[in-house]
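From just these sequences and the hints, can you work out the full model?
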Amino acid sequence: MQPILGHVLWQTHTHTHTHTHTHTHTHTSFAVATKLYTGRQAASFLQSLVQKPEEMASPNVTFLAFFVALALSALHTDAAAAAAETLHHRSDTWCVAKPSTQEAALRGNLEFACSESDCGAIQGTGGCAQPDSLLSRASVAMNAYYQARGRNSWNCFFNGTGIITITDPSLGTCKYA
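The sequence shown lines up with residues 1 to 177 when you count with full-length UniProt numbering.
DMTMM-like mimics (lysine to aspartate or glutamate), calculated; alpha carbons at most 25 Å apart, straight line: (1) K98 with E111; (2) K175 with E103; (3) K175 with D92; (4) K98 with D168; (5) K98 with D118; (6) K98 with E116; (7) K175 with E111; (8) K175 with E116; (9) K175 with D132; (10) K175 with D118; (11) K98 with D132.
Across the chosen pairs, the derived CB separations fall in these ranges: (12) R107 with K175: 21 to 27 Å; (13) G150 with G172: 23 to 29 Å; (14) G124 with A148: 18 to 24 Å; (15) G124 with S100: 27 to 33 Å; (16) S170 with L134: 17 to 23 Å; (17) Q130 with R107: 14 to 20 Å; (18) G160 with T125: 31 to 37 Å; (19) I166 with T125: 25 to 31 Å.
Simulated from the structure, these hints should not be mistaken for laboratory data. Cβ atoms here follow ideal geometry from the backbone N, Cα and C, with glycine treated the same way.
Next up, the structure:
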């Protein structure tokens, strides 16, 4: 699934004030959050749009939400798309695990990446079997997945534990693709 830029608008409070029984003013405040959603997050975000709270179902709120989202998309999407496009077209980018990543997350990344791409380089006598560290093996596997999927920034996300580098991480006999 392609990443999407999601905008969530919610009503924070409504205040009604009546002036000497002649007319009533209602002021409604809203808050907006913007986030780039990828993978399962994107599916959850899209599902949450369908299951809006009752107060968000009014035509005025829906109309306002649409235009706020449209305006924010116009402001943010061009810059984000340009940055992603620049990285996507570079042939010399690699995906590696962030050094601060917890071991459980590294194991999950390793398992997922190897289930979706070729991890022969880290198995047996493969060129990247050494150094035999979880961080190193996970990085090789994450990069194999990233390269096989077209070097898109979202293919190196790994729940925030992957990072794209322009410095070749190859070391000794371990040559990153």
